[in-house]
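Please take these sequences and the hints and turn them into a complete structure.
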Amino acid sequence: MYKILSVGGSIVIPKTGFNVPFLKKFKAMILRRVSQGEKFILVIGGGATARLYQAGAQKTSKLSNDELDELGIYTTVLNAQFVRYMFKDFAYNEVVSNPTKKIKTDKAIIIASGWKPGCSTDYDAVLLAKTYGAKEVLNLSNIEYVYDKDPAKFKNAKKIEEIGWEAFRRDIVGDKWVAGNNAPFDPIASREAQKLGLVVSILKGSDLAEVQKALSGKKFRGTVVGKTL
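Residue numbers 288 to 516, in my numbering, belong to the letters of the sequence shown in order.
Honestly, the hints are just simulated from the structure, not real lab data. Every residue gets a Cβ at the ideal spot worked out from N, C-alpha and C, and that includes glycine. A portion of the hints provided could be inaccurate.
Said to hold, decoys possible - No more than 30 Å apart at the CA atoms, straight line, and that leaves these computed lysine-lysine pairs for BS3-like:
1. Lys-440 with Lys-422
2. Lys-446 with Lys-417
3. Lys-445 with Lys-482
4. Lys-417 with Lys-326
5. Lys-290 with Lys-463
6. Lys-389 with Lys-422
7. Lys-505 with Lys-422
8. Lys-375 with Lys-346
9. Lys-290 with Lys-505
10. Lys-500 with Lys-312
11. Lys-312 with Lys-391
12. Lys-394 with Lys-311
13. Lys-422 with Lys-442
Said to hold, decoys possible - If you anchor each label on the Cβ, the simulated ranges turn out as follows:
14. Gly-451 with Phe-369: 27 to 37 Å
15. Gln-345 with Asp-393: 35 to 45 Å
16. Gln-323 with Asp-462: 37 to 47 Å
17. Lys-506 with Lys-349: 41 to 51 Å
18. Gln-368 with Asn-306: 11 to 21 Å
19. Asn-429 with Lys-505: 13 to 23 Å
20. Lys-302 with Tyr-372: 14 to 24 Å
21. Gly-504 with Ala-315: 12 to 22 Å
22. Arg-508 with Leu-350: 36 to 46 Å
23. Tyr-361 with Gly-461: 33 to 43 Å
24. Gln-323 with Thr-347: 42 to 52 Å
Next comes the structure, spelled out in structure tokens:
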């Protein structure tokens, strides 16, 4: 069975540009696990690149939320294509955009991008989990934990190690999607993940030691959503 990873675009290309040493280590980690029989679907987000284009577009024209989303989707395709080339012959030969269509392939790695306006690639990752029968999504982000409030603004913010979907949706992400949303997990994706009974693990994607632990089912530094009521 494929393991579903929602990879934040800012993990692929941060504001400072490509972190080539990290990307090489990430590639080596995935290929090492592939050699051990594991399979992966990597859903690549737009991240800082998407927000850069969206901010620029808003300054030059009045765009709807869907139009801003479409712009963001194109950046996910670019980022995903970059990752597909990174894995070359180990990956399926096209970037997958429709998460509801199951791909017939013997490749151990599938790279996916954004699909439709109204949500982020987190939602695509959830739909891919549904399509491929996965029970868990790993969300590789630029944060180590989900907090009860913004730790950049509140010194007393508390990290959350486990939380149920009801509390996560009510207290953390809400129910509305706005283009460029920077929530720890897309509100629309959260609603669908709750319906499907998925577990979503949110962790810092640049910390490959913790990613390895999460992939192996071991305790890791991060937030697990959906294991508790």
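A quick look at each hint next to the structure:
1. For a cut-off of 30 Å, the pair hint linking Lys-440 to Lys-422 is broken: about 34 Å separates their Cα positions.
2. The hinted pair formed by Lys-446 and Lys-417 meets the criterion: a straight-line CA distance of about 29 Å does not exceed 30 Å.
3. Between Lys-445 and Lys-482 the CA atoms are separated by roughly 27 Å; this keeps the pair inside 30 Å, and the hint holds.
4. A distance of roughly 16 Å separates the Cα atoms of Lys-417 and Lys-326; the hinted pair therefore holds under the 30 Å criterion.
5. Using a Cα cut-off of 30 Å, the hinted pair Lys-290 and Lys-463 holds, with the two alpha carbons roughly 27 Å apart.
6. Between the alpha carbons of Lys-389 and Lys-422 the distance comes to roughly 16 Å, so the proposed pair stays at or under 30 Å and holds.
7. A distance of roughly 16 Å separates the Cα atoms of Lys-505 and Lys-422; the hinted pair therefore holds under the 30 Å criterion.
8. About 37 Å separates the Cα atoms of Lys-375 and Lys-346, which puts this hinted pair outside 30 Å; it is violated.
9. Between the alpha carbons of Lys-290 and Lys-505 the distance comes to roughly 15 Å, so the proposed pair stays at or under 30 Å and holds.
10. A threshold of 30 Å between alpha carbons decides the hint, and for Lys-500 with Lys-312 the separation of about 15 Å falls inside it, so the pair holds.
11. Pair hint Lys-312 plus Lys-391 holds up; C-alpha atoms about 28 Å apart against a cutoff of 30 Å.
12. Proposed proximity of Lys-394 and Lys-311 is supported: the alpha carbons are some 20 Å apart, at most 30 Å.
13. Of the pairs offered as hints, the one joining Lys-422 and Lys-442 is violated, with about 35 Å between alpha carbons and a cut-off of 30 Å exceeded.
14. Gly-451 and Phe-369 have their C-beta atoms about 36 Å apart, which keeps the hinted 27 to 37 Å range intact.
15. Separated by about 44 Å at the C-beta atoms, Gln-345 and Asp-393 satisfy the suggested range of 35 to 45 Å.
16. For Gln-323 and Asp-462, the Cβ-Cβ distance of about 40 Å falls inside the hinted range of 37 to 47 Å, so the restraint holds.
17. Between Lys-506 and Lys-349 the Cβ separation comes to about 48 Å, which falls inside the hinted range of 41 to 51 Å.
18. Taking the beta carbon of each, Gln-368 and Asn-306 are about 18 Å apart, inside 11 to 21 Å as hinted.
19. One distance hint, 13 to 23 Å for the beta-carbon pair Asn-429 and Lys-505, holds here, with the actual separation near 22 Å.
20. Evaluation of the 14 to 24 Å hint for Lys-302 and Tyr-372 yields a pass: the beta carbon distance comes to about 22 Å.
21. For the hinted restraint 12 to 22 Å between Gly-504 and Ala-315, the CB-CB distance of approximately 21 Å keeps it satisfied.
22. Between Arg-508 and Leu-350 the C-beta distance comes to about 38 Å, which sits within the given range of 36 to 46 Å.
23. For Tyr-361 paired with Gly-461, a C-beta distance near 26 Å fails the hint of 33 to 43 Å.
24. Distance hint check: the CB atoms of Gln-323 and Thr-347 are about 49 Å apart, consistent with the given range 42 to 52 Å.
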